[in-house]
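A.B. asks: Sequence:
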Amino acid sequence: MAEFTMELNDDQKQVRDWIHGFAADVIRPAAAEWDEREETPWPVIQEAAKVGIYSLDFYAQQFFDPTGLGIPVAMEELFWGDAGIALSIVGTGLAAIGVVANGTEEQIGTWIPQMYGDANDVKVAAFCSSEPDAGSDVGSMRTRAVYDQAKDEWVLNGTKTWATNGGIANVHIVVAVVDPELGTKGHASFIVPPNTPGLSQGQKFKKHGIRASHTAEVVLEDVRVPGSCLLGGKEKLDERLARAHERARGGGAGERVKNAAMATFEASRPAVGAMAVGTARAAYEVALDYAKTRTQFGRPIIDNQGVAFQLADMRTQIDAARLLVWRASWMAVAGRPFTAAEGSMSKLFASEVAKKVTAQAVQILGGNGFTREYPVERMHRDSAIYTIFEGTSEIQRLVIARTISGMPIR
126 MAEFTMELND
136 DQKQVRDWIH
146 GFAADVIRPA
156 AAEWDEREET
166 PWPVIQEAAK
176 VGIYSLDFYA
186 QQFFDPTGLG
196 IPVAMEELFW
206 GDAGIALSIV
216 GTGLAAIGVV
226 ANGTEEQIGT
236 WIPQMYGDAN
246 DVKVAAFCSS
256 EPDAGSDVGS
266 MRTRAVYDQA
276 KDEWVLNGTK
286 TWATNGGIAN
296 VHIVVAVVDP
306 ELGTKGHASF
316 IVPPNTPGLS
326 QGQKFKKHGI
336 RASHTAEVVL
346 EDVRVPGSCL
356 LGGKEKLDER
366 LARAHERARG
376 GGAGERVKNA
386 AMATFEASRP
396 AVGAMAVGTA
406 RAAYEVALDY
416 AKTRTQFGRP
426 IIDNQGVAFQ
436 LADMRTQIDA
446 ARLLVWRASW
456 MAVAGRPFTA
466 AEGSMSKLFA
476 SEVAKKVTAQ
486 AVQILGGNGF
496 TREYPVERMH
506 RDSAIYTIFE
516 GTSEIQRLVI
526 ARTISGMPIR
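Residue numbers (the working numbering): 126 to 535.
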């Protein structure tokens with residue numbers, strides 16, 4: 126009988142402990158400062174690059190972990206340090222996933238290194254999908270990409286919003302409409318190289334949480350990119366659009382077509398769940414230590430069932446969330462289909478747990494938890510994003526419901 130284990134192997138433990146040390150020694154001491162400054166923590170990103178955490182090689186090694194646990198283990202430890210700084214370190218990864226999921230080998234080899242730069246000159250990248258009128262409703266996307274055959278160029282026009290690293294990125298990945306008649310099946314992704322004329326940063330958002338992560342609008346005005354910057358290439362796009370038109374006319378079943386943005390989000394949802402687990406675990410640990418040392422009525426407050434039971438629930442929910450994330454991550458690398466939307470399950474549950482656990486941590490610390498002298502206040506603010514970005518909790522429930530029922534639930 127094949128051996129079954131849920132124990133990390135020695136290599137995974139070594140990576141986990143290495144990242145945990147960086148989170149404890151570099152990220153946490155800087156967390157409050159960069160949250161207050163609401164600026165990209167370039168010095169911390171550079172430190173991450175110097176030790177090898179912010180690099181293409183590191184993420185490739187974790188991505189190709191045969192168990193699927195490399196990325197979730199790394200995300201949990203980084204976000205245990207601080208969600209805002211960690212998102213600044215890993216935000217480039219969403220753009221990289223967009224290229225890996227939809228691009229050719231040549232595009233992957235050419236553009237992903239330019240997204241990261243090197244330890245002496247770090248760069249970031251941005252994935253631009255959401256729009257002012259098209260968040261969860263990707264079918265309402267208005268950004269257009271029109272092909273100029275004479276010059277073999279694509280011309281992009283539109284406004285993107287909620288873009289992590291938007292406007293400050295070296296490379297932008299932009300999802301745009303190429304065939305409006307096909308709805309979401311008429312979308313494609315484009316690489317916008319550095320210093321391309323017509324791309325500019327719009328409004329930079331002042332956020333409730335993850336304030337060390339840069340979030341802004343990206344404005345595209347007659348942005349011209351070479352034909353080679355269409356992810357996957359034009360031949361593949363033309364074939365996909367032709368199949369979609371044929372199905373629209375009732376000419377055949379064919380294979381299911383995913384739009385470019387959703388292909389990226391599906392690949393990243395368990396990783397977002399791992400981020401939420403890291404933040405929840407951090408808040409739980411602060412609350413546990415506080416409850417064991419804070420004395421009221423002559424005894425530590427953890428002696429009271431009202432506090433102790435909360436901590437028991439918090440730990441149970443965190444462990445359950447981690448298991449869902451690990452299952453989805455293993456299924457993805459093993460090529461197992463998400464027949465019950467297990468990827469969305471992991472993101473949904475872990476996100477909700479993070480909000481609940483951080484709120485309970487604030488409550489256990491009482492008045493202290495409501496101040497910026499203790500980190501649970503920041504963790505609680507940060508946790509709100511997990512139920513919103515890369516698919517809201519409501520969208521995750523919709524995906525799960527449609528998958529398990531086979532019905533077009535709205």
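Treat the hints with caution; some may be incorrect.
To be verified - So the derived label-pair ranges between C-beta atoms look like this:
(1) G308 x Y272: 15 to 23 Å
(2) G375 x V271: 25 to 33 Å
(3) D150 x Q430: 21 to 29 Å
(4) E519 x E371: 26 to 34 Å
(5) G375 x N320: 33 to 41 Å
(6) Y272 x T130: 48 to 56 Å
The hints are simulated quantities; they were obtained by calculation from the structure and are not laboratory data.
Even for Gly, the Cβ is constructed at its ideal location relative to N, Cα and C.
A.B. asks: Note whether the CB distance of D150 and Q430 lies within 21 to 29 Å or breaks it.
C.D. replies: 37 Å Cβ-Cβ, so the 21 to 29 Å window is violated.
A.B. asks: So the hint says 33 to 41 Å: do the beta-carbon atoms of G375 and N320 match that?
C.D. replies: violated (46 Å)
A.B. asks: Note whether the CB distance of G308 and Y272 lies within 15 to 23 Å or breaks it.
C.D. replies: holds (19 Å)
A.B. asks: Does the Cβ pair E519, E371 satisfy 26 to 34 Å?
C.D. replies: holds (33 Å)
A.B. asks: Note whether the CB distance of Y272 and T130 lies within 48 to 56 Å or breaks it.
C.D. replies: For Y272 and T130 the Cβ distance comes to about 52 Å; the hint holds.
A.B. asks: Just tell me: holds or violated, for the beta carbon distance of G375 and V271 against 25 to 33 Å?
C.D. replies: holds (28 Å)
The structure is inconsistent with the numbered hints 3 and 5, although it conforms to all the rest.
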